[in-house]
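We have chain A; now place chain B onto it with these hints.
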Amino acid sequence: MDQFAVKVFVRLRPSVLDPAGEATKSASIKLGAEGIKSLRIGKMIEVKIEGNGENEVRGKIDLLCDRLFANTVIEDYEYSLEKL
Amino acid sequence: MDIFTVGVVVFPGSNCDRDVSWALEGCLDIRTKYLWHESSDLSDVDAIVLPGGFSYGDYLRCGAIARFSPLINALDEFVKSGKRVLGICNGFQILTESGFLPGALVANKNLNFICDDVELDIVSSKGGWFNNVDEKQTIKLPIAHGEGRYHCDSDTLKNLLDNELIALRYKNNPNGSSFDIAGITNEKGNVLGLMPHPERACDETIGGTDGLFTLKSLILK
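Top to bottom, those sequences are chains A and B. Take the first sequence: its position 40, counting from 1, is numbered 40 in our numbering, and each next residue is one higher. Take the second sequence: its position 101, counting from 1, is numbered 1101 in our numbering, and each next residue is one higher.
Just so you know, these hints were derived from the structure itself, not from any lab. Even for Gly, the Cβ is constructed at its ideal location relative to N, Cα and C. Hints should not be assumed to be uniformly reliable.
The calculated lysine to aspartate or glutamate pairs, modelled on EDC-like cross-linking and capped at a C-alpha distance of 16 Å, are [said to hold, decoys possible]: (1) B:Lys1221 x B:Asp1046; (2) B:Lys1109 x A:Asp66; (3) A:Lys43 x A:Asp76; (4) B:Lys1216 x B:Asp1046; (5) A:Lys7 x A:Glu82; (6) B:Lys1140 x B:Glu1119; (7) A:Lys60 x A:Asp2; (8) A:Lys43 x B:Asp1058; (9) B:Lys1109 x A:Glu22.
Only some residues are given here: those of chain A computed to face chain B with a beta carbon under 7 Å [as the list claims (entries may be wrong)]: (10) Pro14; (11) Val16; (12) Pro19; (13) Asn71; (14) Val73; (15) Ile74.
Short, incomplete list of chain A residues facing chain B, as computed with Cβ under 10 Å [what the hints assert, rightly or not]: (16) Ser15; (17) Ile45; (18) Arg67; (19) Leu68.
Isolated chain B (complex conformation):
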């Protein structure tokens, strides 16, 4: 039987790819494989993580250029097949730019690059991304972004609310996001985008383990 493998996408300018791989392999014993953005062959991976960083130097808009890579073009079929895709920080920005998730991420309200731990309410269990044995409803994860203010129009927000697509909300909104949104899923629940970094919260020695169950849920069917 093939071993479940998570593809970790590497764009020019990605800088959390190794953190994601380390957290999956070292903390969860889940096999990973780096996928160069020029590759469009996704046949030997079972789930995909779009990691944080500054793909293409954030030129034009965050995630705007990455959207046109061969790998993102191939992602449509992958998502339609029901396989899981997790976009973290810049990965979330790429997922909105490429239309896999609605809305957009724009400059933080106070213009600061915010690097902090934040408390988050788990709003929806769609996709099982935040199910945890302790049944926690509030988790703490690190954020590190300059352009993390989630923005959408009122119709999109209504759709997010009506379909339970809001996964995470900030307890104390740090960046001015609409409706305190920190993470959303698609309607099927197999695509999650979030600004906080679960891969940076997978070991008590670096400040917490609340990111573990989100990464672990990549192997859910």
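Chain A extracted, bound-state conformation:
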């Protein structure tokens, strides 16, 4: 069995308003940061997972992302995978 470290990034789709991102952008500007054109908040999920090779693990992660980690009505996801 191989073990993999996976980082999943879940983001609100561009068409979905992100009020938390807007509020953070506003605070960033108040802090004095200049030049911020856009700020959106997402989630990062770290998973350590075992499987027989990368393809099998990718299958498991695809299922998790599609059914649980992200709600594809409002969110997109992508992930990176590293063999340990």
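Frame of chain A; chain B shown alone:
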């Protein structure tokens, strides 16, 4: 003859389950039974309410974890059989997460948790959830949510409009919901999800009775 019984689902973090049960039993004399989320036996209930609250602490997304409970897995057959399911607030979020209703509920536009009474237009009579003897077209119900902004894509909105699935619209949109949507039904009309709380408007002494006919309609065939 069996007595009509409404199952009120209890998740870890539900907090309107007792309000729903009180309103049904105390105001409408409708028998209720609490259903623990681990149960998948729905054979002795005739309708189901998914109450408000914060199931599983709203972890990940509101309603996302509740979707995987044994009870929600068993709900598919229940809905297909034509029995009625009412999702209130967090219950509405669970119904969208689990695909019984389209769209999603996301953070309010102004980021505030809004606790207020709101005026609502009854848009569709599908399922008879809002039929009332006074033939009111506008009702007042309380809302209490941080993530109640209904969101869907334009194709879904068109489908909702074409099939008269929009049940309630806010008169003064408090949270930024698409098309002012406060509640929708499925195509058959036996599943209703709404952000306002009808169970909190069942007695004049606590501010109104406009929630009564929605709860009462649970017993409609």
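Hints and how they fare:
| no. | hint | in the structure |
| --- | --- | --- |
| 1 | B:Lys1221 x B:Asp1046 | 10 Å, holds |
| 2 | B:Lys1109 x A:Asp66 | 26 Å, violated |
| 3 | A:Lys43 x A:Asp76 | 11 Å, holds |
| 4 | B:Lys1216 x B:Asp1046 | 13 Å, holds |
| 5 | A:Lys7 x A:Glu82 | 9 Å, holds |
| 6 | B:Lys1140 x B:Glu1119 | 4 Å, holds |
| 7 | A:Lys60 x A:Asp2 | 14 Å, holds |
| 8 | A:Lys43 x B:Asp1058 | 15 Å, holds |
| 9 | B:Lys1109 x A:Glu22 | 10 Å, holds |
| 10 | Pro14 | 12 Å, violated |
| 11 | Val16 | 6 Å, holds |
| 12 | Pro19 | 5 Å, holds |
| 13 | Asn71 | 6 Å, holds |
| 14 | Val73 | 4 Å, holds |
| 15 | Ile74 | 5 Å, holds |
| 16 | Ser15 | 7 Å, holds |
| 17 | Ile45 | 9 Å, holds |
| 18 | Arg67 | 9 Å, holds |
| 19 | Leu68 | 7 Å, holds |
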